[in-house]
Structure formats: C-alpha cells, structure tokens
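> Put the two chains together into one complex; each comes in its own frame, and the hints tell you how they fit.
The primary structure of each chain is shown beneath.
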Amino acid sequence: MAKAAGYDVAVIGAGVVGCAIARRFAIDGASVVILERGHDVLDGASKANSAILHTGFDAPPGSLELDCIRAGHAEYLEIRERLNLPLDRCGALVLAWTEEQTAALPALMDQARRNGIADIDPLTAGELRRLEPGLAASVQGGFRVADESLIDPWSAAHAYLYQAIAHGADLRCRAEVAGGRRLADHWQLDTTAGPCAAGLVVNAAGLWGDHVARLLTGESFFEIRPRKGQFIVYDKPAAALTRHILLPVPGKRTKGVVVCRTIYGNLLVGPTAEEQESRDEAGLVPETLETLRRTGRKILPGLAECEITAAYAGLRPASEEKSYRIRADLSEGLITVGGIRSTGLSAALGIATHVARLAGRQAARPVHWLRMPVLDQFGARDWRAPGNDGIVCHCELVTRREIEAALSAPAPAHSLAGLKRRTRVTMGRCQGFYCTAELARITKGRLSQPMSRPADRRGGNGDAG
Amino acid sequence: MQADVAIIGAGPAGLAAAAELARRGAGRIVVLEREAEPGGIPRHCGHSPYGMREFRRIMGGAAYAARLAAAANRAGAEIRCRTTVTAIRPGPELELSSPDGIARLSAGAVLLATGTRESSRVQRMIGGQKPGGILTTGALQGLVHLNHQIPFRRPVILGSELVSFSALLTCRTGGIRPVMMVEPGPHLRSRRLAALLPGLLGVKLRLNTGIAAIHGDGQVTGVTLERDGRGWHLDADGVLLTGEFRSEATLLAAAGIARDAGTTGPVIDAFGRIGMDGYFAAGNLLRPVETAGACWAEGRRAARAIAAHLSGRLPDAEQGVPLTVESNAIRYALPQMLMPEGPGRHDRIQIRFAHPSYGVLELVQDEAVLVSRHVSARPDQRIMLPLPERMGSDPVRLRFRART
Ligand SMILES: Cc1cc2nc3c(=O)[nH]c(=O)nc-3n(C[C@H](O)[C@H](O)[C@H](O)COP(=O)(O)OP(=O)(O)OC[C@H]3O[C@@H](n4cnc5c(N)ncnc54)[C@H](O)[C@@H]3O)c2cc1C
Ligand SMILES: Cc1cc2nc3c(=O)[nH]c(=O)nc-3n(C[C@H](O)[C@H](O)[C@H](O)COP(=O)(O)OP(=O)(O)OC[C@H]3O[C@@H](n4cnc5c(N)ncnc54)[C@H](O)[C@@H]3O)c2cc1C
Numbered sequence: 001m002a003k004a005a006g007y008d009v010a011v012i013g014a015g016v017v018g019c020a021i022a023r024r025f026a027i028d029g030a031s032v033v034i035l036e037r038g039h040d041v042l043d044g045a046s047k048a049n050s051a052i053l054h055t056g057f058d059a060p061p062g063s064l065e066l067d068c069i070r071a072g073h074a075e076y077l078e079i080r081e082r083l084n085l086p087l088d089r090c091g092a093l094v095l096a097w098t099e100e101q102t103a104a105l106p107a108l109m110d111q112a113r114r115n116g117i118a119d120i121d122p123l124t125a126g127e128l129r130r131l132e133p134g135l136a137a138s139v140q141g142g143f144r145v146a147d148e149s150l151i152d153p154w155s156a157a158h159a160y161l162y163q164a165i166a167h168g169a170d171l172r173c174r175a176e177v178a179g180g181r182r183l184a185d186h187w188q189l190d191t192t193a194g195p196c197a198a199g200l201v202v203n204a205a206g207l208w209g210d211h212v213a214r215l216l217t218g219e220s221f222f223e224i225r226p227r228k229g230q231f232i233v234y235d236k237p238a239a240a241l242t243r244h245i246l247l248p249v250p251g252k253r254t255k256g257v258v259v260c261r262t263i264y265g266n267l268l269v270g271p272t273a274e275e276q277e278s279r280d281e282a283g284l285v286p287e288t289l290e291t292l293r294r295t296g297r298k299i300l301p302g303l304a305e306c307e308i309t310a311a312y313a314g315l316r317p318a319s320e321e322k323s324y325r326i327r328a329d330l331s332e333g334l335i336t337v338g339g340i341r342s343t344g345l346s347a348a349l350g351i352a353t354h355v356a357r358l359a360g361r362q363a364a365r366p367v368h369w370l371r372m373p374v375l376d377q378f379g380a381r382d383w384r385a386p387g388n389d390g391i392v393c394h395c396e397l398v399t400r401r402e403i404e405a406a407l408s409a410p411a412p413a414h415s416l417a418g419l420k421r422r423t424r425v426t427m428g429r430c431q432g433f434y435c436t437a438e439l440a441r442i443t444k445g446r447l448s449q450p451m452s453r454p455a456d457r458r459g460g461n462g463d464a465g
Numbered sequence: 001m002q003a004d005v006a007i008i009g010a011g012p013a014g015l016a017a018a019a020e021l022a023r024r025g026a027g028r029i030v031v032l033e034r035e036a037e038p039g040g041i042p043r044h045c046g047h048s049p050y051g052m053r054e055f056r057r058i059m060g061g062a063a064y065a066a067r068l069a070a071a072a073n074r075a076g077a078e079i080r081c082r083t084t085v086t087a088i089r090p091g092p093e094l095e096l097s098s099p100d101g102i103a104r105l106s107a108g109a110v111l112l113a114t115g116t117r118e119s120s121r122v123q124r125m126i127g128g129q130k131p132g133g134i135l136t137t138g139a140l141q142g143l144v145h146l147n148h149q150i151p152f153r154r155p156v157i158l159g160s161e162l163v164s165f166s167a168l169l170t171c172r173t174g175g176i177r178p179v180m181m182v183e184p185g186p187h188l189r190s191r192r193l194a195a196l197l198p199g200l201l202g203v204k205l206r207l208n209t210g211i212a213a214i215h216g217d218g219q220v221t222g223v224t225l226e227r228d229g230r231g232w233h234l235d236a237d238g239v240l241l242t243g244e245f246r247s248e249a250t251l252l253a254a255a256g257i258a259r260d261a262g263t264t265g266p267v268i269d270a271f272g273r274i275g276m277d278g279y280f281a282a283g284n285l286l287r288p289v290e291t292a293g294a295c296w297a298e299g300r301r302a303a304r305a306i307a308a309h310l311s312g313r314l315p316d317a318e319q320g321v322p323l324t325v326e327s328n329a330i331r332y333a334l335p336q337m338l339m340p341e342g343p344g345r346h347d348r349i350q351i352r353f354a355h356p357s358y359g360v361l362e363l364v365q366d367e368a369v370l371v372s373r374h375v376s377a378r379p380d381q382r383i384m385l386p387l388p389e390r391m392g393s394d395p396v397r398l399r400f401r402a403r404t
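Line order of the protein sequences matches chains X and F.
First residue of the first sequence? That's 1 in the UniProt record's numbering, and the numbers climb one at a time after it.
First residue of the second sequence? That's 1 in the UniProt record's numbering, and the numbers climb one at a time after it.
Keep in mind that the hints were calculated from the coordinates and are not lab data.
This one's a predicted model, so the numbers in the text were calculated from it and none came from an experiment.
Check before you lean on any hint, since a few could be wrong.
As the list claims (entries may be wrong) - Here are some of the chain F residues that sit facing chain X, going by a computed Cβ distance under 10 Å:
1) VAL122
2) GLN149
3) ASP217
Here a beta-carbon is modelled for each residue, glycine too, at the ideal position from N, C-alpha and C.
The following block holds chain F by itself, in its conformation from the complex (with noise of 0.2 Å):
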C-alpha cells in the first residue's frame, strides 16, 4: 500500500492535519486509526468543553469527535479504523496490523499524532496490593461514557489537574460518589478545579496527601493515605488514579528515536521532525497534555510543515540551532531544535515550568540576550515565548532568573 502521507493517529491532532492537507491538495492522505472509530480522547469524553477554537461553541467531546472526523473526510482523506502501527521504519514505511492481519504501507511523509496516556500505579509507585478496581480517568471515561458501566461506587481519586476535574464529573456522570480526592502536593495543580472546588459535589480534598498503598483481595477494600510521614487508613472501594500524562510514544522507543526526557515525547526541531527522515510529530504527543484545540492547531501546522516538505521547500534540518534548557524551575521547553522561517514553523516555544515561579524567562546566544520576559507561572500554565527574529549558530540557551 502507498500514501503521499501517512497520518498515526485520528485525535485532534492526527485529524486536524488530515483534513488541511487534504484541502491543500497533497495527494492521498491515508489516517491509521487502532480504535474501532476516529476522534481520539474526546470521543469518550462526554462533558464539555470541546470546540470552543475550531468550531466556535461549546461541544461534547463526542459530538467534537464526529465533526473533526466528518471534516476529514469531507476533505478527502481517508481513515482507516481498527488499523495499529506496529512499526515504524526509514523509507518511510509503516508496518500495519488489521483484522487482516499485518500489512506495510509506504509513505512520502508520516505524522505521528498518537496522543498521550496517563500515568499508572507502578509509575506512581505506589505500593500494596492489586485488586480490581484501579482505573485511571481514561478507562473510567470510556466504562462510562461509552458501555454505561461503572467499576466502583466509592473512590478515592488521587490528582488535582484539569483531567481530574473531568473525572469528578465522570464519576457524577455515573453515579459514582468519590470518598475524596488527594494531592501529594502543597496546591491544587488546576486553577480551574479550585475555582469550581466549592460546588464539587461535596468530595472532600486533602492537599500534600499521597496514597502509600492499597488494599484489596479481589476488589479495592481501601487505601493507607499518607501526609508528612503519618499514614492512616480510609475505607474505598476503588482507586482513581488521574492525570500525570506520559506520551504514547512507544514506536519511537522502538525505532531508537530521540526523546526528552522532561515532555517524555520526541525531540523535534521548530517544523515537527523528529530524528528519522520524512517523519514529523504533533499533538500531545510532543508533550502532555494540552487542550484539544491547541493540539487541533498544531496538527494543522504540521500540515503546512509537510506539504511544504513534499514539494521540497523546507529549510534544511542541519540548519537548526538547539535549544537548552538552563534551569531546574523549568520543567520543559519545546521545539528542542529552533529552525530558520518557513512553513508550518512553530512560531513561539513552549513552556512549563515545573512549580509555582516567579521571575524573568531569558534566551540567550553567547551571552546576548535574545529576548527576555517577565513571567508568574503555575504549571498548569504554558508559556509562550516569541522565537527571536534572528539568531546565529550557536546554542540558543534559555534561562530562567527568579525573583522574589
């Protein structure tokens, strides 16, 4: 099988990319999906708010899910559903598996778009037993939302990121009533989940409280929470373990591609290429986690970035400048490699800090100072710096001096 581009992935990113390029003409554009329908995380997302960047109003992730996959094939693109990558190669070239078993497909440009997952119990290190009833917000979502099935009545859910605040309402969704939410850390890691705190449903939260272990034979019994040192018990009857995301980067593991270690997804320079040629990255992959509108406007950016390297016109990859990052506060800085202008180029690096900081964010080249901005972060924010309108050879470093 043959494809002018491949796309690894039908969520916002994957689909988003699908549909520009087909619009712009860039020959058979193939989208492989392992799920059994398009739309990514979304798809077994119910609540709001979805759509808000690329639709203009407010959606629920299914309904945002069947749009971006009808605007696909509107477009022209074709995906094709129950299809896995197994593999990728140099070519490129893909290795499939289908019910029809295992098939290679070549490609002119491949983008892998494959989203990110969250982190499980092991990850986490917690100890104790493992029972039923450990799930993270994805497969509870997809219980819920998708079967109308619930694993458990009286969690204890652990996180305070955005995804936690969804999980809440996935819990409310299904009647499931949460004997508390816990955070290892000293602040809730989502503003948004503290300004909604006082409605949530009567769910009681205890900040710098982790969980030590859990108990169960066959299902959750209960769990020993811990704070400063002092662990005691509390009765559950499940464990929902939220947010923390990894990338779903596993075929890059496999083919020995470069990753970072702070976003845990590729290394990519400003168009979205990773380390093998004709292969570019976008979505949450590259990073987790952002909305689904921001990976929505990356994949489309990506499809710039590869009609343009389709027809030959985009800057070489030796022309790119690294860019290090030179301080401890700050968690990750993405692209890794910054690139002269050109198509689909990301304009403005991304970044998270790591904790609560405050101070001036710098890029510096042999000790100029390139740009330079004041900033007061959560890590629940990401930051946005301007790449610098010209720059040498040289590293680009970025540094961060905090102010009290």
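If we strip away everything but chain X, and leave its shape as in the complex, we get (with noise of 0.2 Å):
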C-alpha cells in the first residue's frame, strides 16, 4: 500500500524482530513495506534457536533488554489466542551439578527477583527428582521459574508477519538494501529488487546490522560479533524424559547448554557458543554434535536410548557489547535495532512497542486477527480432522492441506526452507527418504528455489535403471 511519496515506513529484515516491528507499524496505520534478502523470510538469525518464551529471569536487572522481553512476553501471552499460537507454560529448572554453582543460586534467584519475577522456587536435589525422574543423580539443588514457556518460533514470526500485511504492509523478498540516501523528507533505498522510497527506515537487518548501518550512513555505531548455536534433537519418545525446560546455571559468558523439549514434541540439546566470522555459514561440526550428545547424558541419562533425527545450527547476531543496540535518530530518519542476540524470539513484540513510541507513534485502528496453522504436537492438528487430503510428510503428519495452505500463505512459502519452517515437512526421522518425491510433485513451479528439476533425456537405450 505505497503512497505515492513511498511507504511511511521501510523495514530492512524479515527476522521475528523485523516482523514484529512490521506489525506493529502496520497495525498503528502507517504503509509499510518489509525489505528481505533472502528467497524467504526467517532465513538469518531467527531460522535456528531454542523456541524458549523466556521471563528475562537472568537478563540483566534495569536493562532495555529486560523490559523489552517482559513486555515481548506478556503482550505474546495476550494475543496468542487469537491468533492460534501455542504455549507450553512447563516452566525451567536451573540446575547447579558443583559445589560452585550451588553457590551461586541465591544470587541468581535474588536477580529474578528484582527482575520482577515472582514465581521462583528453590529446590532441593530431592524435590528436583521428584518433579524429574530422569533428572541424573548427580543433581545438587536448583530453583523453578515457572513461567519460562515454550512456542512455535516459526509461526509466531509468520503470524507477526501476516498481521501486518493483513493491515495493508507490503512483503519483498530478493530484496537486498544495497545502498540508500537520505532527501529532504525520506529516504530513497537501493535495492536488489529496484529502488523505494520510505519516510522512516527501520534497521532490523540481525546479522547484517552494522553492514546495513554503513550502506546508509557510512557508520556504524555497533559491530556485529557472529556466534554460532549448534543443537542436536531427539526423536520424540525421548521429549518423556523431561516436562521442564532444564537450564544450567549461566557460565561467565554464555547461558550454557540447555535441554528441553520442543512444542513439535522432540528434545533439544544445545545451544554451544562459538564466536565467528562469518554471518552466513552455520556448519555442523561432528565433534561437537558428540559432545552435546555427551553433555546431554549427563543431564539426562535416559538419552542414551534415545534416537538423534536432526542437527542444526544458528547465529545469534551479537554485538561487542552484551545489551541490545537500539538507537533512534529521527532527524535523519532511522531506526536502528541491532545486537538482539539471545532473546529475541521473546523480546520481539517488546521491541516493537519500543520503536514504535521512539518514532512517537501509537496504536490507532481495530486490529485484524488471523488464525495460524496448528503446528505443536499435541494441538488439534490436522491429520486429525476430515478433508486433510492426507499425510504426505509421514514423520512429522504433515497434510496436503496443510502444505497447500503454507504455498499459498499471505507470505507464501518460497523456498523447501521456507515451507518446513510453514510446516514442519521433512524435518523428522526420515529427513526426506519417504516424502521429497512427493513434495517436489506438490511444489513443482512453485518455489523460487525449486527441489528438482526435469531429467536429461540421454540418448540410446532405455536402461535398466
């Protein structure tokens, strides 16, 4: 819905923060359009973490990034059922396994509760196997959180993402911001997808953030500090093992490797903390796969029965500060929200709120709602229900409907990427054995990235292939 000036407001970044800031421009009445490199959106940071709601029980105290996933948190609590989005409220466990980290446990209660949280249980090694059989018997003590929750990272981008276009916003993929000049009153952007003009520009552009600053203003106030997160996930018998979200009490640098289950039914483990170059390559390395695999069975020693289906990897676009790098400069007409490293999936919605009163605008018209696809486990999904069309993905139960509705999504899916973050095809046991002639039938001329493409004819005799 461009004016003939261009859009209010341009968003470089299709991660959750950038769809969560579209949604909420969107939603205040302002044309927006979203400006994404990539094929589809989601395909940076936001396509790999641990899908925990996190209360911000360890963020720290009076920082914009504990207000930021507070408010993110409750304003997700608020509106998740009308737009059909899941919630696992299991709660988290922090776990102290030394002398050392039993130490440091009323420390790290008295910072959850001065953050604000007020459900904080401290627990003995016994109570803890009580609440977790599985739990080792190493176990010293530990404390609960219980509104530590787990989501649908995906679908709650996405229906961020379709809310705002529901309300007039505009999605481009393959549109890179290759570079941008400020005019009197706007900005015009070059982009890989031909030129637009937008009055406020908002920089959510995760991993390229500092990158992105330099194209439009020749600096950066911030560098971005790639570190990679590597998981290995479980099949689902093993999710039994734990209903908790199993946190270990936080090193000096990182959170450390957590254990929990996914709202798909599966058990995480992971993520490690590997600082890096580069911001697009999240490679898997085998060692360290083995010693997640490792570090899981100490935690959980059930695990060792337990099957792996997946491995995957995420850069979180850290900054060389640990807090969040928001700053607004209205004068030249930008918003710039860079660093948001570990929490964003929970602080999205809280981060949108705040850049939307530092451009000093406020929610002004009725709000569309939309229903999103059921994706977790033990939802009412649709394998379920008559008029499926039937299974195609046999692991994951992922229907022809369901498949049919992602490719004609109001984002539609773009790429095989896309559609698994849509649905969930081929991200089981199999990884693909059983479905890809299937779903390259269903998506054929329909992806900008296609599975497959048509066989050579050779020449001669027909074979016995």
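Listed below in structure tokens is the structure:
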C-alpha cells in the first residue's frame, strides 16, 4: 500500500524482530514495506533457536533487554489465543551440578526476583528428582521459574508478518538493500528488486545490522560478532524424559547448554556458543555434536537409549557489547535495531512497541486477527481432521491441505526451507526419505528455489535403471 | 471399524501376508498403507531384479509391486491406501489417519510390516551446512522414477552397499553423472558392487574415505572428503547418502515396545510376536535389510503364525528361550526368543556379522554345544543357522570363535 511519495516506513530485514516491528507500525496505521534479501523470510538468525519464551529472570537488571523481554512475553500471552499460537507453560529448572554452581544459586534467585519474576521456588536435589525423575542423580540443587515457556518460533514470527500484511504491509523478498540516500524528508533505498522510498527506515538486518548501518550512513555504532549455536534434536520418544526446560547455572560468557522439549514434541540439546567471522555459514561440527550428546546424557541419562533425528545451527547477532543496540535518529529518519543477540524471539513484540514509541506513534485502528495453523504436537493437528487430503510427510504427519495452505499463505513459502518452517515437512526422523518425490510434485513451479528439475533425456538404450 | 487381521504396510512382506491369510480364509484382512499406491519400496525402484523367488522371473520394481498387490486383492484382502497408522495400542487397536480424519480399528491380530529407511545425514554425523541437494537413495528414486525429475547433476555418493549400486543405476536413468563414490570403510560393503565395479559407468571409487562436511547455501557446492585424518575439497552439486538402513519402528517406539540395538527393529520370538499381545512383525522392519524376496517369504511365514494364533494353536510366549549374542563380531541375531515347534515358526536363526569374519559359530546351552558351524562371512551376507532340534529352558547363547 505505497503512497505516492513512497511508504511511511521501510523495515529492512524479515527476521522475527523485523516482522514484529512491521506488525506494530502496520497496526498503528502506517504504510509499511518489509525488504528482505532472502528467498523467504526468517532465514537469518531467526531460523534456528531454542524456541523458549523467556521471562527475563536472568537478564541484566534495569536493562532495555529486560524491559523488552518482559513486555514481549506479556504481549505474546495477550495475543496468542487470537492468533492461535501455542504456549507450553512448562517452567524451567535452573540446575546446579557442582559446589560452585550451588553457591551461585541464591544470587541468581535474587536477581530473578529483582527482575520482577514472582514464582521462584528453590528446590533441593530430592525435590528436583521428584519433579523430574529422569534427572541424573548427581544434581545438587536448583530453582524453578514457572513462567519460562515453549513456543513455536516460526509460527509466531509468521503470524506477526501475516498480521502486518493483513494491515496493508508489503513484503518484498529477494530485495537486498544495497544502499540509500536521505533526501529532504525521506529515504531513497536501492534494493536488488528496484528502488524504494520511505519516510522512516528501521534497520532490523540482524547479522548484517552494522553492514546495513554503514551502507545507509557511512558508519555504524556497533559491530556484529556472530556467535554460533549448534543443537542436536532427539526423536519424539525422548520428550518423555523431561517436562521442564533444564537450564544450567549460567557461566561467565553464556547461558550454557539447555535441554528442553519442543512444541513439536522433540527434545533439544544445545546450543553451543562459538564466536566466528562468517555471518552466513552456520556449519555443523560432528565433534561438537558428539560433545552435546555427552552433555545431554549427563543431565538426562535416559538419552543414551534415544535416537537423534536432526541437528542444526544458528547464528546469534551478538555485538561487541552485551546489551541490545537500539538507537533512533529521527532527524535522519532512521531507527537502528541491532545486536538482538539471544532473546529476540521473546522480546520481539516488546522491541516493536519500544521502536514505535521512539518513532512517536501509537495504535489507532481496530486490529485484524488471523488464525495460524496448528503445528504443536498435542494441538488439534490437521491430520486428525476430515478433509485433510492425506498425509504427505509421514514423520511429522503433515497433510497436503497444510502444505497447500503454506504455499498460498499471505506470505507464501518460496523455498523448501520456508515450507519446512511453515509446516515442518521433512524435519522428522527420515529427513525426506519417504516424501521428497511427493513434495517435489506438489511444489513444482511454485518455489523460487525448486526442489528438482526435469531429468535429462539420455540418448541410446532405455537402460535397466 | 473391525478386521480379523490388520496389516500395517503394503510392501512385499505385508502384501504376501495378506494374500496368504486371505487364501487361508482367516476372515476380513485389511492392509493399511499410507502411500497412494500399494507396493512399498519396490514401487519406486525402476530397476531389476525383483521377483525371482516369488514369480520365477526377473521383473522391474513397479511391475513387481503391482503384481503383489493384484495377488492380495485376488485372494480377497482389502488394501486401504492413503491410510496411516498413527498409533498401536493393546487390544489390538489401531489409530488411523486418512483424508477423512482419524478413526479406530480393532483387530484379532496385527502384523507390522513397515519396512526400513536409510540413515539421514545427521545419523551419519556429517558436518557442514544444510543446503538443498542432500538426498537418500529412496528419495532420489522417487524423484527419478515417479516424477522424471532430478535434484542434482554431479553428486558425490556415500556408501557401497547393494543399494548404492541401485543408486548408481538410478543416476544413470536420470542422466546424473556422479563425481565420485566414497566408502568410509576399507572394503566395499557389497560383493555384487565389487563385481560390477569395472563397468561402473566411469565413476571413481575411494575406499577409507568419508564425507566430513557439506558446503553450500541454496544448493550443495562441494564437500570436504576425509581420509586418515587428512581433508580435501571436492566440487559437487549434491550428496547422495546410500544405505545404513534402520527400521521404520516409530510405532513401536511410541508404544514402548522393546527393540534390539543390533537390528534397530522389535525384539521378536520365533513366531514373529512382539511384546504386545496379538501383534506380529515381518519384513525389513525386523532388521535392515534383506531382499524383497526374503521379506515376501517372511510375510507368508507370519501369515501362517497369525492364522494359528487366531485359532489358538500357537505355543505360549512363556515357553520362549532367550537367545543372547556373546560376540562383538556379530551385529545381530534373529529371532531374539526361540520357541518350540509350531506353524509359521522361523526355523533358522538369521545372523549378520559386523566385519568380514572367519571362524566357528556355536549355539550353546549350559555349556552343551547344540549347533556348531564353520563360517566365512562378509557383512553383506546373511548367515542362517538351524534352530536346535531340542533345547531346555535355559538361555541359549550364540558364540563365535575367530580363526586366523
Ligand atoms: C542458537 C540460538 C538460540 C536462541 N534461543 C533463543 C530462545 O530460546 N529464545 C529467544 O527469545 N531467543 C533466542 N535466540 C535469539 C533469537 O533467535 C534472535 O535474537 C532473533 O532471531 C534475532 O532476530 P532478528 O530479526 O534481529 O535477526 P535476523 O533473523 O537475522 O533477521 C534479519 C534479516 O535481515 C535480512 N537482511 C540482512 N541484510 C539485509 C539487507 N541488506 N537487505 C535486506 N534484508 C537484509 C536477513 O536476511 C534476515 O532475514 C537464539 C538465537 C540463537 C542463534
Ligand atoms: C533403494 C532400494 C533399492 C532396492 N533394490 C532391491 C532389489 O533390486 N531387489 C530386491 O530384492 N530388493 C531390493 N531392495 C529391498 C526391497 O525393496 C525391500 O527388501 C522390500 O521392499 C522390503 O519389504 P517390506 O514389505 O519389509 O517393506 P517396504 O517395502 O519398505 O514396505 C513398507 C510399507 O509400509 C508402509 N508403512 C510404513 N509405516 C506405515 C504406517 N505407520 N501406516 C501405514 N503404512 C505404513 C510404507 O509406506 C511402505 O509402503 C531395495 C531397497 C531399496 C531401499
């Protein structure tokens, strides 16, 4: 819905943060365009995370990050039912395995309370093992944070995006911002999909945030230092081993390795925290995955009997400082949202409200709600319903009707990766052994990155093959 | 819905069992198949050879699958496609999902014949990125034979099992020219492959070589190969993962039924019974991976056992004698529980070795050697050992003494 002089707002980057910001401005009545360089949305930092809706119990007291997490968490709870988004309020257990960690517990509980988290229950080793009988006997003590929850990281971000679109926002994929000029009262952006004009630019380019800042203004007040996190995923039976999210006492540098279920019914062990140069390559390292496997077994010995179905890695858009790097320069028509490191999924809605406030806008119009498809394991999945048109992905029980819906969504899937995030196809234990051919048939001519192409016609004999 | 026998999976094992049960007049026989067509794996294997044991002629996979389905239909079994069994429960009772939503089916007996799949990239612990163009043979064959499409042109092939050979033929059909075939072990895993090597369509083969990492963003651009700790880069636009089969045992895992780490399939007794009343298993679900003919024969055998079960003629499970494997050289031995004679009994123990082995196999009970046999076995060879004529009630141990 571009106005003659262009859009009110251009959001650069369709990660979870950019999607939430676009939603906020669109609901507030602004004309919004989202510029994304990928074939599909959520292909940067937002493609891989632990999917925990944090409470902020361990965030730095008094920080903007804490405010955004608290506000984001609250708004998620407020809107999720109208968007049909799942929530598993399973709670987290912070576990101490050594004397040193045990000694650190009181300060952590104190910080949690100061951060405004009410339900903090200290627990002895015996109490912990009564709550979670699968825990290793060597656990020494810990505490429970009741409101730490599991969500569907992709459905949430897609919902924000679809809602923005329902409020008139435009999404342009394969539109990499390559430069821009500030003219009298608006920006003229150059993208690989053509020029684009907007009054206000919000830089939410995640792992490329500093790069985009430099493209626009010649400098950046922060430096992105990508930090990789690798995970292993266990097959569904493993999810019976714990109900809570199992967190370690955080080390000096990182939150440490988490063991938790996913909303889809699997069990995760990860992430690692590895500094690296590359902003695109989130490579898997077998030795690291092996270490994760051992770590997981030390926490939940029952994992020794469980099968691994997948592994993945994500990059946190960390910066040289721990804090969020959000800055508004309204005279230049620019808001930069950088360094949303490891809590962006939880904080996205809160960040969006903060950014809208910085821009001096507030909600004015009635809101359009829409219902997201159900992907959580225990929800009313489509395979249970009549008219589903049959199961295509047998491991994750994804129906043809769900795939068709994702291919014709407000922002339809453009790549297999995008289709996976919208439906979970091929993400299960067989990783495509059974359903690849069927999926290729359904998606033929409908993805900008096709799964296959016509076979060459070989000359000569028709062969035995 | 009700059936006398419900069969899960319309592959060679399930269809053979269905035809045999129907012929024996075992009542209403329903085969539940999640794909749109019956036939199982052979349906998308365009290549020969199938059918020697069953039909005494060599046929392509699709024709073979159609013939098995026709035989089951003719005998009076019902085949319901696009029907996935989503849970197995005591009863026996099944939960099904079809285009019409969920439903339940109770049956006098259930045969699980859900087959196998190849290991994925993570199960093989291959590092690197996750671009498009990483496929198993099963996925490639579906694309090439069913869709006439290809996902890559110059892939690296990992593995040298029999199925790897089948993968090569499929590549040829699709006009795909593999850059290299690599096998992490010191030997080819299939002797048939070795015999055919000279003619392997000009594909280079490297032993002792594995794939350490996969590179590429949208599509595979190359791999890091590794040999003796030394790595090097090879350009390729795809990775074809062949073999390393594992049982499609999802339903068992969810129902908490005991599985064997060696076979990855269910623990069975000599009648194919698994640890839930009224449930039987046959075919490649039991252990990856035998030929279609072997699975077909197992399906027929299971049909005889099920028919006997329905008329109360099977020996009690309590009479079982556990078989324990006492050698690391042996990858698995099946069935895991030996039984006295009865209809449809596995009369021989199936054994696979982990490495090429030469020596003496023995079945021992209370230090008495019941059966003894000299073997010279490769991992791609199935060794069959007859069940002892007579045995007591103590566990029977399977021993292997290597000779040099
Ligand atoms: C291992 C790991 C675990 C995590 N666990 C959790 C968790 O449990 N809970 C939680 O709340 N958070 C978690 N996070 C953090 C969360 O995932 C991130 O904070 C969040 O995804 C950041 O989103 P973003 O939108 O800022 O960045 P991104 O998702 O990277 O989005 C930026 C987008 O901008 C696009 N872009 C870049 N340059 C340009 C350009 N020039 N033109 C156009 N588009 C461009 C990119 O393609 C990308 O799509 C985790 C992160 C990681 C890596
Ligand atoms: C690539 C490849 C090439 C091969 N080439 C040869 C060859 O040349 N010659 C040869 O003899 N053998 C060959 N084999 C082996 C042969 O195909 C198998 O041995 C045979 O198909 C096994 O039969 P089965 O009935 O046990 O299982 P499958 O054929 O695997 O059938 C299992 C069936 O169960 C269905 N199923 C699974 N779970 C469910 C569920 N929950 N609900 C409903 N249905 C379900 C599946 O859809 C499938 O149709 C090959 C195998 C592969 C993978």
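> All hints, please: hold or fail.
Status of the hints after comparison with the structure:
1. VAL122: holds (5 Å)
2. GLN149: Nearest chain X Cβ about 4 Å off; hint holds.
3. ASP217: holds (6 Å)
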